[in-house]
Amino acid sequence: MSIISEEGKKTLTSFSDWVSANSPDIPAEVVYPPKKDDHGHGHDDHGHDDHGDAHCDAHEEAHEEAHEELRSSAYEALHASDAPPAAPAAVTAQPKEKETVTEEGPMTERTFVRTLGAGYRLIAAVCGVLLAIILLVTVAFLPRFGSAENPALNEVSRRYLEEGLTDTGAVNTVAGMILDYRAFDTLGESIVLFTATVTVIFLLQQSRRKNDEARALEEEDLQQGVRSLPARVVIGIAFPFAMLYGIYVVLNGHLSPGGGFSGGTILGGTLILAHLAFGEQYTQRFATITRCTGILSVALLVYMGLKSYSVLTGANGMESMVPLGTPGSIFSAGLIFPLNICVGLVVACTMFTLYSLFTKWKA
Amino acid sequence: MNNIPFITILLAMIGSVVTLLLNRKQKLAYIITQLIMAAVAVLSFLLIPYFSTGGGTTTYLLGHFPSPWGNELRFGLMESVLAFVFSTVLFLSIIGGKSGIRDDVQSCKQHCYYSLLLLLLLSLLALIYTNDIFTAYVFIEINTVASCGIVMVKESGETLKATIKYLIMSLLASGLFLISIALLYAITGHLLIPALSEAVSGLVVSGTYHWPLLAAAILMTVSLGVKSAMFPFHVWLPDAHGTATTASSSILSGVVVKGYIVLLVKIYYRVFGIETIRSMGILNIVFVLGIAGMIIGSIMAMKEKNLKRMIAYSSVAQIGYIYAGIGVGTWAALAAAFFHMIVHAFTKPLLFSSAGGLIEASGHSKLISDMTGAGRRNKWAGIGFIIGTCSMIGVPFFGGFTSKVYLAMNSQGFIFLVALALSSCLNALYYLPVALRIFSKGESEDILEPAGNASNYALSIGCFSAINIALGVGGFIVFNMLTKGVEIL
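So the protein sequences, as listed, match chains D and G.
The opening position of the first sequence corresponds to residue 1 in my numbering, with each subsequent residue numbered one higher.
The opening position of the second sequence corresponds to residue 364 in my numbering, with each subsequent residue numbered one higher.
So that you can see chain D by itself, here it is in the shape it has in the complex (with noise of 0.2 Å):
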């Protein structure tokens, strides 16, 4: 998959080089020299294990060395006087790659790229202040922040302030409303997170292969955490309590400021530094990928159980059988505590999960 890293960094380098590279018509080969020395017949030392992927690699291996190929003879055939007749064998070779080399226009095409480039910038540029302008404008003419006469203080957030706390059982009424009165939303939020880590999954995940020098110095890096020694101690002594305080923040999230949200972000934060301190040969003791996606795709089907009951409870005019506690002890506001953890533990498993797809990934 080393084509995603060459293409992704040729599509962010600039502009105007993502307007070249994308006009087929244009040969790119007079902006770039050809880079054989850096990429191109690199691939050959890069073994691939086959991981049920095989298949895949090669052809795309394959599709990465045509383009090169293609490229550069098309380069030499421009500048140089002696062409190399391997352009024909490419192209047959490969038929898959012609719609990235059609055929060759006219200079002219490019300047008129080049300015079509240019003028997308300016309308860009326009667009942008135009719309910061009337945004700016709009917020002038929206009510006062914080009067009293502002329309956002109407029966909705009356009802959630003053009758939460019999209405949901929870002291702090913020769970009560993103737990109880709008838990669908939350619980589409969760599935936000577990959308975002599905994909990170599908664009990261990648059979092991092995590592130049370089890359092996810095796996030993991840393999072993940082070898700063403060940095190790200060960690050392601060992950036992951040963790704790974490699961504070998660279980008190009916009681007082925080819940699922901030204490999940806690947690994970927590296992970031020490995967960062310690390096993976430690923190995957307790936490992997697979184990965190399977801890995250559990709690999300717990939550999904517990919102159906009291969805469907509640829409067929039924009471909820979930007692609502006394206030203020932990184990009250009916479904807020059990909700609380499920969130917390997406959260947590989501940041790392994707923290550790990031840092393993090579290109």
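Derived by calculation from the structure, the hints in this document are not laboratory data.
Take these hints with a grain of salt, some might be off.
As the list claims (entries may be wrong) - Cross-link-like lysine-lysine pairs, in silico, DSBU-like; alpha carbons within 30 Å at most:
| id | chain 1 | residue 1 | chain 2 | residue 2 |
| --- | --- | --- | --- | --- |
| 1 | D | K360 | G | K472 |
| 2 | G | K804 | G | K742 |
| 3 | D | K360 | G | K390 |
| 4 | G | K742 | D | K360 |
Got chain D sorted already, so can you dock chain G onto it with the hints?
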């Protein structure tokens, strides 16, 4: 009966989590996905007779708290028809694109792909059923991330580039949508649609906060316009739809784009009220942009040499039809626009699936010039492409003809009629040469062997074609249903 929408959403949710866990059993993940899609389609179909005889709409509490406080779903005839159409299209597209998924997605990652598809279904269902604009925003987020995910599955350079483009534009649109919700909340204090629309109509009568209301309406139009590829915001669409794997292209153009249009219509009619939108002038702008999309999308499609990109540009034109229909602003025209939406939802996946087959049959080349005789090598793809072409051009007895007739009958003016005629001619100009080319004899006949078809591919093409012809012949039944449906929207 009333629990069905929530149960379908719940099924998709559970399915998406379960399929992610099946990382060693890709086949099982596929079966579970398809079972859930089929179950959602059947369950939604059960709602249609219930609402078409009983009429009316149902609000469904998501929890124990009623309208201004807790989340709600609301559904009637329109919503159940749309849910049925969307889940059916998803089901058939996945069947038709299965071989493409096998080739394009690494085998160790296919379960992630199925999980994303179920997340997409879930977000679409929630967008259709929701009675709360903030819930709509949350599920727009899911939809955005999941659809970017299914664009990039091929993991080649061009799909990643297309994904980044799509992601940036989509996120910009999400941001604008969130800002407009914040503006609406600041001036009304409500998020649930019934309470919100009451407050908005109060503001319109009293004339206070006119500017923030206008800004919110414009931002909503722009943001959902970007996401549904309304004409000047369509630039991401050809890249994203043209490079993704066949199943993804079908799903994105067939249903994902439509989900946002449905949401925009809901916001126009149920939050602001169509008279307010009309007096703000937004309806005229939508109409003009729709007309422009109809013409310019077709012209862009004519210039394309790449088959999938050509079909993608044709989507821009078809979305233009839908927006022009919405922009007319009468009930009948809105029903016609929805009818066109349904026809397009069944036609574009047919075209993309056929294109996938044709590309495979011509040595994986996407160029139209390499397609000579491809339809003879892959018969089902060829037939599917011809039927899709007929429907898009508007040949009588195909779905596209009926929907264009209904749009023309409700066009309310000369411009729309002319644009319809012109765009149909342009459609014929770029679809027919391809249709002729794929059935003409070429010299490549001997090099490339006839492609065999899996039975599921034939099934998918057959079903899409049959539905297209059914919509062409018996379209009035669906149209009458939609006319009834939009009035209680």
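Hint by hint, here is what the structure shows:
A distance of roughly 17 Å separates the Cα atoms of D:K360 and G:K472; the hinted pair therefore holds under the 30 Å criterion. A distance of roughly 14 Å separates the Cα atoms of G:K804 and G:K742; the hinted pair therefore holds under the 30 Å criterion. This hinted pair checks out: D:K360 and G:K390 have alpha carbons roughly 28 Å apart, not beyond 30 Å. For the proposed pair G:K742 and D:K360, the alpha carbon gap of about 46 Å is over 30 Å, so the pair is violated.
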